[in-house]
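*Asks:* Protein chains in written order, with full-length UniProt numbering: chain A, 1 to 433; chain B, 1 to 590.
I should point out that these hints are in silico values taken from the structure, not numbers from a laboratory.
Don't take every hint at face value.
[Claimed, not checked] Here are the computed lysine to aspartate or glutamate pairs in the EDC-like style, where the Cα-Cα straight-line distance is at most 20 Å: (1) A:LYS391 - B:ASP55; (2) A:LYS391 - B:ASP53; (3) B:LYS287 - B:ASP527; (4) B:LYS582 - B:ASP47; (5) A:LYS391 - B:ASP47; (6) B:LYS127 - B:ASP376; (7) B:LYS207 - B:GLU25; (8) B:LYS279 - B:ASP47; (9) B:LYS286 - B:GLU303.
[Claimed, not checked] Which bits of chain A does chain B cover? Going by a derived footprint, with three or more residues having C-beta under 8 Å, they are: (10) 75-82; (11) 387-397.
By construction, the Cβ of each residue, glycine as well, lies at the ideal position given by its N, Cα and C atoms.
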Amino acid sequence: MFTFRRIALLVIALAVLGCLGAGGLYAFNRVTYANQIAETTVPAPTADQIKRGHYLALAGDCVACHTAPGGAPYAGGLQLNTGFGIVAASNITPDRDTGIGGWTTKQFILAMHRGIGDHGKRLYPAMPYTAYAKVSDADLTDIKAYLDTLPPVNHAVIANQMPFPFNIRLMMIGWNMLFFDFGGAEYKADPTQTAEWNRGAYLVQGLEHCSTCHTTKNFLGADEAGKFLHGTDLDGWWAPDLTSNTRIGLGSWSEDDIVTFLKTGANDRMVAAGPMAEAVTNSTQHLTVPDLHAMAVYLKSIPASDDTGLTPVPPTDPQMVAGRAIYGDNCAACHVLNATGVPGMAPAFVLSPSVQAQNPENMIRTILAGGHVAVTETNPTGAAMPAFDWKLSDAQIAAVTTYLRNSWGNAAGPVTADQVAAKRQQIGARERN
Amino acid sequence: MAMKRPKADAVIIGLGWAGSLMANELTLAGLNVVAIERGGWRDTSGDFPTSMDTDELRYATRRELLQPLSVETMSFRDNPSQSARPLRDFNTYQFGWGAGGAGSHWNGMTWRFLPNDFQLYSNTVKKYGANKILPGMTVQDWGVTYDNLEPFYDKFERLAGTSGKAGNIQGVIQPGGNPFEGARARDYPLPPLERTQAAMLFDAGAKELGWHSFPVPAGNTSGAYTNPLGVHMAPCTYCGYCEFFGCGNWSKSSPNACILPALMNRPSFTLITESEVMKVNLTPDKKLATGVTYVDKSGREWEQPADIVVISAYQMDNVRLMLLSGIGKPYDRASLTGVVGRNYANQTIAGASVFFKDEHLNPFIGAGALAQAVDDFNSDNFDHANVDFIGGSNMLIHSTNGRPIGLGNAVPPGTPRWGSAWKKAYQESYQTANSIYCMGSSTPHQDVFLDLDPTYTDRFGRPLLRVTYDWNENDKRMAHFIADRSVEMGHAMKASLVVRSEPTAKPYSPMDNLSSHTTGGAVMGDDPTTSAINRYLQSWDVPNTFVCGASAFANNGGYNPTGTVGALTLWAAEAIKTKYLKSPGPLVAL
């Protein structure tokens with residue numbers, strides 16, 4: 001994905017900036033900031049604080065990255081494929097040797113706000129400190145108070161598994177200078193907006209760190225300017241547009257649609273699957289309805305991304321004709337012939353933002369490998385889409401995906417068999433029988 | 001030396017409907033529950049994917065989801081003078097295997113027994129005199145009434161997502177429902193399924209005869225549904241592949257679809273699969289259970305200690321586990337004493353095949369419980385003063401299993417069994433044939449019972465269960481009567497050919513696959529000399545052991561048993577929660 005020339009340029013740029021930063025400006029900035037945080041004389045946390053901290057830790061979805069598959073919660077070890085190499089999430093249980101048991105609240109806030117870890121070690125932005133920088137000191141203090149109540153787990157994690165040159169942590173100083181707005185980091189309420197809107201913005205931009213997945217990254221992995229929540233590719237999944245775009249974003253969803261989706265993992269039109277299912281199961285379902293509603297109010301206020309009108313592929317197109325037949329034979333039993341779906345189980349396809357997404361990869365990979373609907377307290381069902389990789393050819397999947405993207409009021413680019421073949425290879429799906 | 005697991009509040013043997021419902025209730029009550037299931041884990045979406053062809057040979061003919069004979073069989077004889085032989089084909093018997101048990105591969109007819117079924121003895125004596133009951137019959141009341149169970153039938157229907165039409169809401173007869181049913185608090189959670197052409201012909205026939213036709217209550221969803229546990233179900237697609245199949249479409253009431261998604265998420269619940277319980281362990285004085293011993297799939301022996309033991313395997317296995325564990329006195333035919341194995345019953349079957357001319361019944365449109373029925377001749381819904389039997393039968397026409405192999409024999413009598421003449425007849429019959437199925441009550445008799453086989457043993461060296469069963473005179477008379485009624489129905493439906501069927505005219509054979517609905521053997525009641533468990537399904541002898549399932553039925557009604565299994569289990573669970581946990585000990589004083 002990166003040419004040698006680009007990598008070379010990148011290394012030089014970051015090294016120069018890193019040296020500059022380490023030697024001067026940035027060190028000053030860091031020292032100044034560190035001194036602003038109250039010293040470690042934090043009073044013993046109250047039960048209420050710990051409870052709040054638990055809630056906020058759920059909102060931050062810390063457990064998602066800081067738990068290895070089958071491992072102890074918060075004990076770290078999950079390997080994150082950043083596109084630059086592997087970063088393993090650290091152990092954040094209060095174990096003194098391998099976790100953050102020896103950390104002061106101040107150190108914790110420094111890591112969350114500035115990406116500065118133990119002994120000044122630079123964190124990679126896979127840890128979304130650019131988002132957590134928005135979170136108030138009070139909230140972070142409570143999160144630390146909660147984490148301190150967890151059972152300490154002795155589990156050493158080798159966090160930095162990046163290849164050279166990305167394994168040079170000091171480069172992150174340069175990265176931060178380029179992409180991290182220290183001055184504007186902490187969330188500042190917009191006085192022209194309601195308290196609810198501000199609460200929503202605080203959660204969406206901060207703890208929930210939605211932009212980590214839903215905003216396009218530049219070639220150095222930082223949020224691309226002017227593309228906030230416009231949707232992007234995420235390690236083979238498409239994290240959809242969350243702006244008010246009515247065709248591919250949340251423009252056609254009501255605030256209640258958003259709340260229901262985040263609370264239960266599904267609404268009447270859509271289900272959460274893939275990485276979003278995990279986000280709902282681990283995080284958003286635990287948020288209160290007022291907090292979710294605040295997020296919905298804020299999300300609905302984000303201006304629509306640009307969208308040029310598309311003409312649907314005509315029903316007479318050979319792909320459409322084949323796709324219609326494949327849909328009737330393989331999909332209609334659950335998604336219903338008129339594509340209205342089953343609430344909480346099988347998504348509807350009528351005027352569907354996810355079906356029309358700029359990139360059809362979610363549909364292709366779900367048809368190939370299947371998928372599970374988020375499991376939540378309110379919807380424990382766990383309905384699943386079966387895999388069709390063994391059953392449908394690349395051309396058949398391309399046809400049915402094209403048909404879905406251009407029926408029932410949808411209009412989106414056709415899908416080719418080559419796209420399906422590439423996805424089949426990328427996710428290790430089976431060949432057709 | 002058995003390895004020992006940490007003690008649980010309750011251990012549940014078998015995770016079918018009864019085990020799942022009990023585990024759900026007990027975990028909701030705050031108990032730490034361990035369930036041990038002989039078969040494997042079965043997931044609705046993962047194990048029954050809708051993308052797979054419904055393979056009739058694999059699942060219906062070879063019964064891949066059912067308990068295999070390689071695990072265990074049982075021995076059978078018609079009467080006590082014969083010597084029993086082990087079955088080499090389960091045929092009529094269809095035992096669950098795996099999480100969900102038989103509840104994952106059943107058809108879904110979700111009946112409530114009639115009020116009379118629970119008080120068959122006292123009602124008969126009161127209305128017709130004690131002589132109405134033929135000698136040798138061991139008819140007795142259940143110790144529980146329909147009114148006791150009504151809230152629990154209702155609860156089960158809500159959990160299961162039953163589709164149907166009420167016939168009696170709080171005493172008010174509802175048009176289109178079953179007017180003979182016991183009063184219900186409210187209607188079914190879902191409206192009835194769509195009707196097929198066969199159902200409409202049946203309905204027209206019933207109207208002509210003055211009988212009261214209604215849609216059979218179905219564990220097949222007529223629409224999208226969310227149950228009280230928050231589990232979603234999707235509308236049935238009428239594929240007709242219910243019996244012997246799991247439903248990956250989330251449209252069939254089953255533990256897998258309705259209970260397990262919520263249950264499996266609870267940290268207080270543990271499921272151990274592919275592990276077989278050897279016995280319930282008792283204290284030396286045999287007055288209390290201490291837990292169970294089981295063997296895991298690697299052959300290692302484990303002990304699972306628990307304060308409460310719930311036996312909720314298949315009806316036959318419940319009885320066998322009690323006998324193997326020494327819970328309750330075994331029934332002894334010679335002295336007519338003992339209770340475990342007593343009052344075994346089956347289902348009394350009769351009916352008629354119907355063939356039409358120029359009809360398109362489209363049997364490929366079906367569902368496991370898509371049927372139209374009349375109850376005019378069930379239980380005591382009609383006056384028995386002028387007939388020489390008690391009990392009766394439901395009568396229905398069923399639109400399901402429109403499967404190419406299974407319907408191969410549904411050709412007019414005299415058709416060759418193979419070759420071009422058979423093919424021609426089958427082509428015609430596939431669209432024009434169906435049958436009127438009468439699912440009759442089965443009354444208990446002293447010559448019908450379950451005990452441990454004196455000769456044959458299982459893979460662990462434990463005695464097999466021995467079944468001694470034949471139709472009794474009362475039930476044969478009932479079947480003769482109801483077969484006549486089904487012929488009347490066939491003619492009223494304007495069938496061009498009606499073929500009467502009365503299987504009870506010859507000795508019972510488990511190789512005829514008439515009905516899998518076996519009941520009794522560990523029956524509930526008010527008298528410990530005639531019942532193994534009290535009205536709360538609690539062992540009279542070992543009060544921290546509860547035995548849930550159709551094994552509790554004192555007699556079998558003219559319906560399939562699942563609705564009543566569900567209601568009884570929820571009734572027992574309520575008693576455990578509200579009475580037993582507060583004061584562990586016998587819930588019925590002697």
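*Asks:* Now, for every hint given, state plainly whether the structure supports it.
*Replies:* Going down the list of hints, with the structure as the test:
no.: 1; hint: A:LYS391 - B:ASP55; verdict: holds (16 Å)
no.: 2; hint: A:LYS391 - B:ASP53; verdict: holds (11 Å)
no.: 3; hint: B:LYS287 - B:ASP527; verdict: holds (18 Å)
no.: 4; hint: B:LYS582 - B:ASP47; verdict: violated (40 Å)
no.: 5; hint: A:LYS391 - B:ASP47; verdict: holds (16 Å)
no.: 6; hint: B:LYS127 - B:ASP376; verdict: holds (18 Å)
no.: 7; hint: B:LYS207 - B:GLU25; verdict: violated (43 Å)
no.: 8; hint: B:LYS279 - B:ASP47; verdict: violated (30 Å)
no.: 9; hint: B:LYS286 - B:GLU303; verdict: holds (17 Å)
no.: 10; hint: 75-82; verdict: violated (count 0)
no.: 11; hint: 387-397; verdict: holds (count 3)
Of the numbered hints stated above, those contradicted by the structure are hints 4, 7, 8 and 10, listed in ascending order.
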